[in-house]
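J.: Spelled out from the first residue to the last, the chains are:
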Amino acid sequence: MYREQKIRAFLFYLSALVFIIGLPFILSFALGYKFDRRTFKFTKTGLIVLKTQPSGADIYLDKKLLNIKTPATITEVLPGRYQLNLELEKHYPWFNEVDVEAGKVTRLEKVILFPLRPNIKQLNKERLSFFWVDEDKDSIYYIDPEDKNIYKSDLEGGRSEQVSSFIEIAPAAVKWKLSPDREKLLYFNIHQIGITYLQPQNKLSEETPFILNYSDGRIIDVFWHSDSYHIILVSNRGIEVLEARPQAKNLTLVNLNKRNTSCLYDIHTDTLYFLDSQRAADGNFYDNLYKLEVGAKTFPFQELIKLSPNE
Amino acid sequence: MNKHRKPERYLEIIPGALSWGIILFMVFLSIRQPIACAVLIIIFDFYWIVRTIYLTTLLFMAYKNLSQQKNRDWLADCQRLSPGKDWQGLYHLIIFPVYKEGLDILRPSLEALKQCCYPKERMVVIVAFEERHAQAKESAEILEAEFKSAFLGYLSTFHPDGIPGEKRTKGANATWAAKQAKELLSSKSISYEDVVVSCFDADTCVDRQYFGCLTYHFLTSPSPHQASYQPIPVYNNNIWYAPSFARLVEISASFCQMIESMRLEKFVTFSSHSMSFKTLVDIDYWPVDMVSDDSVVYWKAFLFYKGNYRVVPLYITVSMDVAYSSNFFKTIVIQYRQKRRWAWGIENFPFLISRFSNNKDISWVTKIRRSFHLLESHITWAVWAIILMLITPLPIFLGGAFFSQMSIGYNLPKITGLLLNFTLGTSLIWIILSRTTLPARPPGVKWIKNVVTIIEWVIVPFIILILGSTPALDAQTRLMLARYMEFSPTEKTRRINKNKQK
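Chains F and S, in that order, are what the protein sequence lines are. Mapping of the first sequence onto this note's numbering: position 256 corresponds to residue 256, and the numbering continues sequentially without gaps. Mapping of the second sequence onto this note's numbering: position 501 corresponds to residue 501, and the numbering continues sequentially without gaps.
Since the hints were derived computationally from the structure, they do not count as laboratory data. Heads up, a few of these hints could be off.
Pairs of lysine-lysine, DSS-like flavour, derived with a Cα cap of 25 Å [claimed, not checked]:
#: 1; chain 1: F; residue 1: LYS34; chain 2: S; residue 2: LYS414
#: 2; chain 1: S; residue 1: LYS367; chain 2: F; residue 2: LYS6
#: 3; chain 1: S; residue 1: LYS70; chain 2: F; residue 2: LYS51
#: 4; chain 1: F; residue 1: LYS6; chain 2: S; residue 2: LYS266
#: 5; chain 1: S; residue 1: LYS414; chain 2: F; residue 2: LYS6
#: 6; chain 1: F; residue 1: LYS104; chain 2: S; residue 2: LYS70
#: 7; chain 1: F; residue 1: LYS69; chain 2: S; residue 2: LYS367
#: 8; chain 1: F; residue 1: LYS44; chain 2: S; residue 2: LYS414
#: 9; chain 1: F; residue 1: LYS6; chain 2: S; residue 2: LYS70
#: 10; chain 1: S; residue 1: LYS367; chain 2: F; residue 2: LYS110
Note that the structure is a prediction, hence the values are computed from the model and not measured.
Kindly generate the complete structure, drawing on both the sequences and the hints.
T.: Here you go:
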């Protein structure tokens, strides 16, 4: 028992010694201090945390290759400015100057190393003038201007098939826009709006492609309303709304003074932002930004407000 | 405990206030001074790792002692003692305080006594029932019929309810039984000096060599009356049938006792233990109004002998029941209450300090050292798991952007993770030792349980929080708020091995 107690006392004092000696080193490491064996002094250092996409890049700190690859933490870095280079085979090198502060972490965790030869692959099989990607259905749609067909493929360009066709307009369509319900596609030039249905074989017979003519002015832009049935038309004369059906009549919401307006449509709130010139008190015309809400709740179409020219 | 004494009341507040103070201070620091908090956490973590490695070494030494002394023929060793140390002149008084434990619990305990390699004509057994328990008389009659003739003396006592100054505690029952035993011994003209009393929990099954071992140590101790004799409690009676977490808690409790057995200067009696009957009479028996009678009796003797009282470790096991019940949640509750009762041992602190202040015979160094040990062990019990598991991540979550851009903010999770990985090594030793201390798998228990007993150690971090620190903090808070605990015996479930029955 006495011998055991002596061993225990030895172990106790040994543990105390380990604690007393080890603690300063652990704490100094935690706080970012580096022990200099030559001077027997602690110097406060900083950290550089590196993460790259992809990982595995060589790290050069002030042109000196480190024995670690990304993702990595460079510890015990003396405060100062460093030239940091990250190099990965077949990728563009990344380099920058980084400032390291004592006791602090310099984080470079969003570095992307871009490949030298990007992996480019042609997806379309036919000629095309417009495409869109439906990520929810893992599909790409193509507009072939020659045979006036719409094709669909998977995201790798495979399993290509014709899904619909459209009526040609002249001059050629300047923009193509998919309805929010992804069932209709509109396209337009300065005087015509074409509408076609995707996968019409599954739809009612009345859902055949058609053209809406617009001879009152020059079309600047056309937007789908969130209900996928109404169309907001912006021309050099005004802002109009019409239904996406053959022989639909347009309704003028706003008459514009500015002949070449620019506009933006927020489909989430069914709000149109547009520029127009208005006469100020000094008698001169100035451009102003307007907001027009055309949502079904905030703006019932039957209660339209018409602005008169120069109003 | 006299609750109306003001100084003692102030002392009752100290442990809970300290534990809560440490926890709240750390939370406050993690918000206002996360760097300072992180520094304290790293210091504590490192301290805890060093301490764990040290204590695991002690556990290994204790285990070695236990293994070496296993199967030792202690009676033969007693017979080889010098003529002046006549083992045959020594009597053993064994008291089983009983509350609601049934025959399924009591019968194996008495059977284990009967199977001991020690002359039964040197043993007096008292089964101490509570009078208020309806089945007490009936159980007493059945057990008397089975065991009365097996020992030199056998007595069933019935502790009356509501004796002035008493609480419903195990100590009150044991004291009543010991007073009855005193009369019995006097009637048989047996000197108290020649009697060693063992107070066992009702489910205690002693090793066959226990009384030989106890006798040997009593006779070879320099001053045998100034010592308690503490066996290693293991919970093997039903350990294969208990749920994993309950089994782990009890194995850990056994290991803690083994570690304590190596730290003699801190060693205090716990649960089933033995001591001189003369000393017990001199110190006026067990406390009758305190829950933690097993440790308070040590402090009473310590004060009586002016600090010259010690606990002698016996590297022999007494086996008890793992506390568990019919379902998971009931078992959690039972375990929680049992651990809270153990943690209620903090009531020793005000008891001890108030008596130290009136005692001029014990040196100040001893008083300070023992008080500190007692307080430190209970505070550590209450806060360590909370600091390691709940406080450690706080500076990272509450420290904000400022903390995350500091070196220590980056290093804290890495260092604490690394340090705690060191404990995996020590955990491995605990797992191996736990396997070697398990009794043989009973027939009817599937072999897969062997695998479970190893894999179950992954839940230890949750157990130490739920059944480690929390009940200890609960007990200290209750004492701080003067919400005193009554003794509530732990429900014991003994599953009968069907094959054995056949």
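J.: For every hint, state whether the structure bears it out.
T.: Right, here's what the structure says about each hint:
1. Between F/LYS34 and S/LYS414 the CA atoms are separated by roughly 17 Å; this keeps the pair inside 25 Å, and the hint holds.
2. A hinted pair counts as satisfied when its Cα atoms are at most 25 Å apart, and S/LYS367 with F/LYS6 qualifies at roughly 23 Å.
3. With a C-alpha separation of about 58 Å, the suggested pairing of S/LYS70 with F/LYS51 is violated against the 25 Å cut-off.
4. Restraint check for F/LYS6 and S/LYS266: satisfied, since their Cα atoms lie roughly 15 Å apart, inside the 25 Å limit.
5. Distance hint between S/LYS414 and F/LYS6 is unfulfilled; the C-alpha atoms sit about 36 Å from each other, more than 25 Å.
6. For the proposed pair F/LYS104 and S/LYS70, the alpha carbon gap of about 58 Å is over 25 Å, so the pair is violated.
7. Among the hinted pairs, F/LYS69 with S/LYS367 is inconsistent with the structure: their alpha-carbon atoms are about 59 Å apart, more than 25 Å.
8. Between F/LYS44 and S/LYS414, the direct Cα distance comes to roughly 19 Å. Compliance with the 25 Å bound is thereby established for this hinted pair.
9. As the CA atoms of F/LYS6 and S/LYS70 are separated by approximately 23 Å, the hinted pair is consistent with the 25 Å bound.
10. At most 25 Å may separate the alpha-carbon atoms for a hinted pair to count; S/LYS367 and F/LYS110 exceed this at roughly 61 Å.
Consistency note: the structure conflicts with the earlier hints numbered 3, 5, 6, 7, 10.
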